[in-house]
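Asks: The residues making up each chain are set out below.
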Amino acid sequence: MAGQIFAYITHKVGKADDTAAELVKAAGKFFPDAPVTAVVTGSGADLDAVCNEMTAWYREIWKIDNEALAYPNAEAIRKLLVNLLPQDAVVFCGHDTFGMDLAPGLSIKLDSVFVPDVVDFDGLDGDTLKVIRQEYSGQVSTHVSCDISAGAVINIRPGAFQPDESGSAGGQVVDKSAEAGDLAVGRRFLEIVQAEVGDVDITKEDVLVSVGRGIEDQDNIEIAEELAEAIGAVVSCSRPIVDAKWLEKSRQVGTSGQTVKPKVYLALGISGSFQHLGGLKGNPFIVAVNKNPKAPIFQVADVGVVDDLLDFVPVLTEKIQEGK
Amino acid sequence: MEILVCVKRVPDTAENEIEVAGDGSDIERDDLVYSVNEWDNYAVEEAIQIVDNVGGSVTVISVGDEDAEEVVRREMAMGANNGILLSDDAFEGSDGKGIASLLKAAVEKGNYDLILTGAQADDGAGQVGGMLAAMLDVPFASVVNAIEVLDDKKLKVGREIEGGNQEMSEIDLPCVLSIQTGINEPRYVGIRGIRKVASVDIPVWGASDLGVGAESIGESGARAKRLDYFVPELGEGAEILEGSSDEVADKLIEILKAKGGIK
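So the sequences go chain by chain: G and Z.
If you use the working numbering, the first sequence corresponds to residues 1 to 324, in order.
If you use the working numbering, the second sequence corresponds to residues 325 to 587, in order.
The shape of chain Z in the complex, shown without the other chains (with noise of 0.2 Å):
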């Protein structure tokens, strides 16, 4: 089976506080730590583990800067086989919609059964998956948590819906689906793995190597547009019990105790 996987290079909301900068116009991304979206991550990992188990190849594919290369390469430590990255300054502020061309434009280059995409990604809205298929005329499902190969013509998937409950369909290739996370167990990528795909070549594709118009994307193409940054004032809050540790704890133990917490 012949996958793609489409991944986005995201500041790390484990690692960093995200806060506005001055203006509004950004977050503070001097010191933000970078990695790949995490629900894109189980996708790699899911199509490698497909593909250890019928054959055939992974592809991951990024739209972005420079930057970006450096989570398709980990990626491919990871195990995938190929790499692609999209990146053109006509690029630059592109919608989902425009990212969905552009993943369109390149599937279109490549003959893919299946297409993962995450289900959302902390800067996203989860979006470019259901647009991507839509284009495609393909079939799409979201929030996955479980892929069976049935034949070379379907799969067996499980979606996860409301209250734990999952919803469990057959849909007939090629498809897109969006991963959702405890899909499965990420492996680990040490260093030797990083090493090994050092060298490898990263094709970089443009507009040109695409053949889309500027009409779809970039900022004058997209229909949605972030205007700023904003962190809203919300009411009080909480009441942030200060002190040492001790002091606190003996606070918050009679706050319980008056709110029924210790029994």
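Next comes chain G alone, as it looks inside the complex (with noise of 0.2 Å):
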């Protein structure tokens, strides 16, 4: 049986982040029988405001304040993990840019195994657990058994696991700060530098006409600014047309740019990777238009289109500037 199940709770201004009910969601479908732990690092108020919130979710938090904590970084955090746990813990993290960044590590120093950006669980048999992944921008998934006899450090995507409305633990929290040991880091954090903002604000707009990849070449956005002017809405796109600086920042949506929450998203030539869809909230009405019929993007639309955008989009836009 694998040891003591504890989940590492990420939090900002004094605010835990939406993984902290997922995490204590999903260890709960893995272990029915475990209690699980929270663990809450950081420093002063904030820290104790976040303790607090979490009672309501788990029935024990660990909190450690040390000014080495203060911001969330991901070797220190490392260092106070590997001295705090148990070697054979199985510690639950969310899947984003700080567990992506704390997880592997830890995995190497308590010598467990590594099991990222799970998406669902499969079964547990003694000390194998089984877990559902995707791979290939979730075109397929896959099973994963897991070797848990020494512990497991267990990367949980963010939003796979549906939190329950609200909490009833009644938790309490212990003080374990003067376990933290050693906290020398090799990487010191300086500063936050914010996105730039554009000259159009993604995050307003009732209407977004999105692009990706399927755009195939810089010339071929206009394609969708005409659709855009043409149903008065704003082109925004996905990570791809950034990285080829296509776009500007400002118009990427995603997790690791703007969250959206539009009444009607337009998807051209966008596979809808997790990390696209993750910017999109307040579930709006999808047109998803995309020549591979197997995109993941036709799961989560409402409406779909199987042909390459750079012949349908035109015939769209012309149908409609007609109609006006």
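Among the hints, erroneous ones may be present.
With a straight-line cut-off of 30 Å between C-alpha atoms, the simulated DSBU-like cross-links for lysine-lysine are [to be verified]:
1. K294/G to K583/Z
2. K109/G to K29/G
3. K583/Z to K319/G
4. K29/G to K549/Z
5. K478/Z to K281/G
6. K478/Z to K109/G
7. K281/G to K583/Z
8. K581/Z to K263/G
Since the hints were derived computationally from the structure, they do not count as laboratory data.
Note that the structure is a prediction, hence the values are computed from the model and not measured.
Reassemble the complex: the two chains are provided individually, in unrelated frames, and hints are given to aid placement.
Replies: Right under this line is the structure:
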């Protein structure tokens, strides 16, 4: 049987991330009989606020207050967890940019298996845990079996486990600050540079015409712009378009870009990776145009057109213009 | 600065639709177009730019079969100075930790100031860089989208975090960084570039060259194992509009009007 179960809680300005409630849900699905302990690190009043918030979700909360942890530096937190946790611990983290920074190295230092970006649970038989992951931007899924006899670090995809509406764990906070140990690091936080504000604010738009890799060439962006103009929308995009420098970063929808909440979202040539969909909130009506009928975007879209956007969109735009 | 860049040969998802093979044991690989993992290509470009600025050399390394050599050679055509291929039947079936163990052994045969990987791969999980750093006991930063060399002891790096914000840190050398796409504009590699390095010797190192034991590598050393591939049954999905482009466009216009998508 695996060791004690922990969830590492990320937080910002005194408020826990949404994943905090998702991790306890996931842990409960994986290990229904085992209590889950939240680990919350930071400093001062913000930390106390988060610990207090977590009492609704977790039976026990380990609080570690330390100046060196005021900013969540993954290297310092890894050292802390290695000092603090039992060697055979099972640790749940969110698979976000912090989890990607922390978890792989933590698994090495705890000498336990690392199970990244888990989207679902598939069974536990003794020390063999079976989970579901996705590959190729969600085009295919896989069952993965892991030997957790020596512990595990399990990263859960944000949004994959629907949390309960509210928690009523009635947990207690245990101050473990004295057990932090040496937290010296080779990477020192300097500052956060805020994202640049662009010429349009896509987060405030009701209708977005969003383009992805299927647009193929910078010159074709105008196809999307013409459609957007015809329907009174604004052009946004997925990550590859910003990487190619065809549109500004401020136009990018996704976890590493903007979080938008339009009423209608037209996804043109966008495959629909979870990082992209993670930036799409408020349950919009999604229209997907993609030449690949197996593109994951069709699983979440309301209406789909299986066609090359370069052929289809000009036809659509012309008809809308004629109708006006 | 001596820089090692870890690269991987993967099916190119921009060129392929990935489908599950009949029995679910693998994906359909018959007609797949392979290329260097996109993130890794940005890492190689970044390494070349750093060396252009401060001097040193770039070595590209890959774990794989003889086909992976093509990828190493392609990155050398971009401007990397050296290539190394880690290849051995014993490496097959290694999990992320196994791959990191192999790379660690190779790193220790050299003298590198900086090690770069891609932040993730389409068929992977973004784990090898962080594992390698922990094994080497050097600092690590993931999803790096900016690097500035401060001096021969440290770098200033930016990490791409949620919301398009950037987290700036100072990091001691030697270190491992995993590179995010968009950090630079990888140069184009033409046929001439490939020809220039066509006959360059790329050393191949196996298990005995690296001195790695079987306990951490290959299928027997893997504590995480992929059992199969499948396509999940996911609700109803989209209502697919059928007909000619004209008919589909007419239907879509009606739907958009009803949903407030046309102002």
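Asks: All the hints need checking, so say for each whether the structure fits it.
Replies: So, going through the hints one by one against the coordinates:
Proximity of K294/G to K583/Z is assessed by CA-CA distance (about 25 Å); at most 30 Å being required, the pair is judged to hold. Distance restraint check for K109/G and K29/G: the Cα-Cα separation of roughly 26 Å lies within the 30 Å cut-off, and the hinted pair is therefore satisfied. At roughly 18 Å between alpha-carbon atoms, K583/Z and K319/G fall within 30 Å of each other, so this suggested pair holds. Among the hinted pairs, K29/G with K549/Z is consistent with the structure: their alpha-carbon atoms are about 21 Å apart, no more than 30 Å.
With a C-alpha separation of about 40 Å, the suggested pairing of K478/Z with K281/G is violated against the 30 Å cut-off. Between K478/Z and K109/G, the direct Cα distance comes to roughly 24 Å. Compliance with the 30 Å bound is thereby established for this hinted pair. Annotation: proposed proximity of K281/G to K583/Z holds, straight-line Cα distance about 17 Å (limit 30 Å). Between K581/Z and K263/G the CA atoms are separated by roughly 12 Å; this keeps the pair inside 30 Å, and the hint holds.
Hint compliance for this structure: hint 5 is the single one not met.
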